[in-house]
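Which chain is which? The protein sequence lines are A and B, in order. Note that the first sequence covers residues 1 to 317 in the UniProt record's numbering. Note that the second sequence covers residues 1 to 346 in the UniProt record's numbering.
Calculated directly from the structure, the hints in this document are not laboratory data. All C-beta atoms in this analysis are idealised placements derived from N, C-alpha and C, irrespective of residue type, glycine included. Where hints are given, some of them may not hold.
From the structure, some residues in chain B lie toward chain A, with a derived Cβ separation under 8 angstroms [unchecked claim]:
no. : residue
1   : F46
2   : D49
3   : M55
4   : A59
5   : L62
6   : L140
7   : N143
8   : V157
9   : Y159
10  : F163
11  : V167
12  : G179
13  : A180
14  : Q308
15  : F310
Footprint (simulated), chain B over chain A, 3 or more residues, beta carbon under 8 angstroms [claimed, not checked]:
no. : segment
16  : 45 to 51
17  : 86 to 96
18  : 99 to 112
19  : 153 to 163
20  : 204 to 211
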Amino acid sequence: MTAVLDTPADEKPAVRKPSRWAAPPRPAWEEEPSKAGVAGKGLVLGIACLAILFPLWIVIVTSLQSKQTIDEAGGLVMIPKGITFIAYQELLRGGQVQKAALVSVGVTLVGTLFSMTVSILCAYGLSRVGSLAHRWILMTLLATMFFGAGLIPTYLLVQSLGLMDTYLALILPSAVSVFNILVLRSFFMGISPELIDSARIDGAGDWRILWKIVMPLSRAVLAVIALFYAVGYWSAWFNASIYLTDQDMMPLQNVMIQLVQKQERPVGLAAQINTGQLSPLAIQMAVMVMALLPVAVLSPFVQKHFKKGMLTGAVKG
Amino acid sequence: MSHSTVPRSRAEAKTPEKTPQASEGAAGDRSREGKRAGKLSLRLRFGRDRTLLLMTLPAVLLVLLFNYIPILGNVVAFQDYDPYLSENGVVAIFQSPWTGFGQFERIFADSAFWHAVQNTFVLFFLQLVLFFPVPILLALLINSVVRPRVRAIAQAVMYLPHFFSWVLVVTVFMQIFGGAGVIAQTLRQHGVEGFDLMTNPETFKYLVTVEMIWKDAGWGIIVFLAALSSVSNDLYEAAAMDGAGRWRRIWHITLPALRPVIALLLVLRVGDALTVGFEQLLLQRQAVGVDASDVLDTYVWWNGIRNQDFSYAAAAGLVKGVVGLALVLTANKVAHLMGEQGVYKK
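Pulled out of the complex, with its shape left as it was, chain A reads as follows (with noise of 0.2 angstroms):
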């Protein structure tokens, strides 16, 4: 104590400023951890995450590479030499990937519009305890989380909806998911009562409430909802693989299957390939890149409200 008093108030204080990697002050009950026990924590939490970075690492790292370095190395690289982007270049350059890739977009563009048009309204419109066959309606919802009709008779449906062949194949059976709905419907109820009677006085109806009150006070669960359904949409490929036959329409994920788990050729660069000019792992490594890309880059932004959501998830009914 008497150190701090001793210096002049002018004077920076002797003790640095933690850095923000330092741990926090444990309160005074909490013993300190060993050495042996933080270097085990250590040694645990590195290697998970080591198991998960290094296989994006080799694939990142050997799409970005050229044929002779591939070669050199007798398939992917570990250690980067120099840096390409070619066959970037060759797979947005048009053609299957480069098609493949825009319905992947538009399609997680609209279905996530969709579904989540669909799921905000709901919710809300479920939010109010004792409203008119509020209970109904949430029971048929929850019933489907027990049981599923089957694949067959839904295929069977969706065949006779007219929908093979279609891109609203890949959106309308999966446009909703009741696990969602709960989600944002539990936050919803959670919006403080008075704020939104409040509103109802001052003359807003519900569609004004639901806009102006409800939904910017719920960003971070939207954000949140949004990235699951993005991702949902993003990632499919069963659907697309049963219900188009017409390769032209195959979005990317089931372009990746023929390409680098059938070892197929992309369809316009064959001819590159053959003469020796690009890798075909290369173009695999890149096609993979380009679907794990959007959904790395954006998942960490969400990742902070990520717990609240599945909390609230996880209380139903």
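Model the placement of chain B on the given structure of chain A, informed by the hints.
Below, chain B without anything else, positioned relative to chain A:
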């Protein structure tokens, strides 16, 4: 809750001058029911809530169309459904001959079906033993890290794979563990040939479980972290005062706090036992072969969508659905008996 007790001002302000009879009806209701003050007639409540009902309509219609109407389509399981009887698949249902339980007899006599059942249960068991505890342990570990930066980074990295598609995950694994993958290449350079985990039926079930852990164990942490963050620090302090060390505090405070969440997730998992990684297995079916990878879902897909044997596949799907529903309800019952809340309240 306070929602419902606050009068819905607009509707109630309107009622006197607009519908005098209805408001009398409401008064009659009130005296008759007596339980809930302010119980309004159906017409009044509809007038008050029609906007809300309108808002739920799109979602309800979509759910009815894609979740409820197909349930009726399961009748093809009791038919010899022939899609070529009509242009429209639904119309063909009405023209197809009935076979009663014939399809089910075929299924139960099929050894491939029982093989799929066996694979399903093996994978479910492996998931329960190897996958289920991982998020709990990771959550305990992350929760014990006090540095906020380290926590945030570790969480960000661990959440990431959850957002990758199965196509991507399976492909990444193929590039690492496959015949042309990194490990095989390295081994080959050192004179070891023939390393290919992706096509090995013996180890396939473990590979699938590892893929699942890689993709979703990190995501599973969230629920447990949320439960842990709601534990009061006073409990830990009091325990420390009473002389409980670090491990005893975990045992007596942290784990009991996680108990309801663990029970809930366990119930959900057991109830969903027949669904084990449909997309994931479908993607690897070709590489490893049907024997190792076929589970109930892929069996239905193969017979129905690929072989166009709709009735047979629908029957298999129906068996799975009914057993699955029974599992959910049973598991939930068990949770109630254990004194936990389960998925839905009693």
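Tested hints:
1. For the restraint placing F46(B) at the interface with chain A, the shortest Cβ-Cβ distance is roughly 6 angstroms, inside the 8 angstroms limit, so the hint holds.
2. At its closest, the beta carbon of D49(B) sits 4 angstroms from a beta carbon of chain A; the interface hint therefore holds under the 8 angstroms criterion.
3. Hint status for M55(B): holds, given a least beta-carbon distance of 4 angstroms to chain A, under 8 angstroms.
4. Given hint, A59(B) at the interface with chain A, holds; its Cβ is 3 angstroms from that chain's nearest Cβ, closer than 8 angstroms.
5. Against a cut-off of 8 angstroms between C-beta atoms, the interface hint on L62(B) holds, since the closest Cβ of chain A lies about 5 angstroms away.
6. Look at L140(B): its Cβ only gets to about 10 angstroms from chain A, farther than 8 angstroms, so that hint breaks.
7. For N143(B), the interface hint is violated, since its Cβ never comes within 8 angstroms of a Cβ in chain A; the closest pair sits about 11 angstroms apart.
8. Because the closest C-beta pair between V157(B) and chain A is about 4 angstroms apart, less than 8 angstroms, the hint holds.
9. Interface hint status for Y159(B): upheld, as the beta-carbon distance to the closest one in chain A is roughly 6 angstroms, under 8 angstroms.
10. A cut of 8 angstroms between beta carbons decides the hint on F163(B): the least distance to chain A is about 4 angstroms, and the hint holds.
11. At its closest, the beta carbon of V167(B) sits 5 angstroms from a beta carbon of chain A; the interface hint therefore holds under the 8 angstroms criterion.
12. The beta carbon of G179(B) comes no nearer than 11 angstroms to any beta carbon in chain A, farther than 8 angstroms, and the hint placing it at the interface is violated.
13. Given hint, A180(B) at the interface with chain A, holds; its Cβ is 6 angstroms from that chain's nearest Cβ, closer than 8 angstroms.
14. The beta carbon of Q308(B) comes no nearer than 10 angstroms to any beta carbon in chain A, farther than 8 angstroms, and the hint placing it at the interface is violated.
15. Annotation: interface hint on F310(B) holds; nearest CB of chain A at approximately 5 angstroms, less than 8 angstroms.
16. Counting residues of the segment 45 to 51 of chain A whose beta carbon lies closer than 8 angstroms to any beta carbon of chain B gives 4, which meets the minimum of three for the stated coverage.
17. As drawn, the segment 86 to 96 of chain A meets chain B at 0 residues by the rule of a beta-carbon pair under 8 angstroms; below three, the given contact is violated.
18. Given a C-beta distance limit of less than 8 angstroms, the hint that chain B covers the segment 99 to 112 of chain A is violated, as 0 residues qualify and 3 are needed.
19. With a cut-off of 8 angstroms between beta carbons, the segment 153 to 163 of chain A has 7 residues touching chain B; three or more are needed, and the interface restraint holds.
20. Only residues whose C-beta sits within less than 8 angstroms of a C-beta in chain B count toward coverage, and the segment 204 to 211 of chain A has 4 of them, enough to reach three; the restraint holds.
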